[in-house]
Amino acid sequence: MAVLEQTPPAAVAQPSPVRPKKGFRKYWHLYAAISPFYLIFLGFGLFPVGFSLYLSFHRWDGLGSMEWAGLSQYQYLLS
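Whatever position you read off the sequence shown (first residue = 1), add 4 for this note's numbering.
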């Protein structure tokens, strides 16, 4: 007579419960410590680039009023 052996069912892995991330709350003091660098970078790095792009679409002598030029200055540059 044959002996039947039953194997136990394979255990199904249960996903671990999702916890909310506590990154900002845990490290807020570190973010505050590096924030002056980013403020200075915005002021002296990105602002001049954005403002020069804005000025490139205008005719302006630096003293008078600005006049919208659109893409005509780029057209002149490339022709």
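If you're looking for bench data, these hints aren't it; they were derived computationally from the structure.
Incorrect hints may have been included.
With beta-carbon atoms standing in for the labels, derived distance ranges [said to hold, decoys possible]:
1) V22 with L82: 52 to 58 angstroms
2) G47 with V16: 28 to 34 angstroms
3) L75 with I38: 26 to 32 angstroms
4) K30 with R63: 51 to 57 angstroms
5) S60 with A36: 50 to 56 angstroms
6) H33 with G54: 52 to 58 angstroms
7) A36 with R63: 28 to 34 angstroms
8) F28 with W72: 29 to 35 angstroms
9) L67 with K30: 49 to 55 angstroms
10) L34 with Q10: 52 to 58 angstroms
11) G74 with P21: 33 to 39 angstroms
These numbers come from a predicted model, not from an experiment.
Every residue, glycine too, gets a C-beta built ideally from N, C-alpha and C.
Kindly confirm whether 26 to 32 angstroms is satisfied by the beta carbon distance between L75 and I38. 39 angstroms, violated
State, for the Cβ atoms of S60 and A36, whether the hinted interval 50 to 56 angstroms holds or is violated. This hint is violated: roughly 36 angstroms between Cβ atoms.
Using the C-beta atoms of H33 and G54, is the stated range 52 to 58 angstroms upheld? About 31 angstroms separates the Cβ atoms of H33 and G54, which means 52 to 58 angstroms is violated.
Can you let me know if the beta-carbon spacing of G74 and P21 is within 33 to 39 angstroms? Check failed, 57 angstroms falls outside 33 to 39 angstroms.
Hint check for V16 and G47 - Cβ pair distance inside 28 to 34 angstroms: 56 angstroms, violated
52 to 58 angstroms as the expected CB spacing between Q10 and L34, which holds or is violated: 56 angstroms, holds
Would you say the C-beta atoms of F28 and W72 sit inside 29 to 35 angstroms of each other? 43 angstroms, violated
Status of the given 51 to 57 angstroms range, CB of R63 versus CB of K30: 52 angstroms, holds
Honestly, do L67 and K30 meet the 49 to 55 angstroms range at C-beta? 52 angstroms, holds
So does V22 sit 52 to 58 angstroms from L82, Cβ to Cβ? 54 angstroms, holds
That 28 to 34 angstroms hint for A36 and R63 (C-beta), does it hold up? For A36 and R63 the Cβ distance comes to about 43 angstroms; the hint is violated.
The structure is inconsistent with the numbered hints 2, 3, 5, 6, 7, 8 and 11, although it conforms to all the rest.
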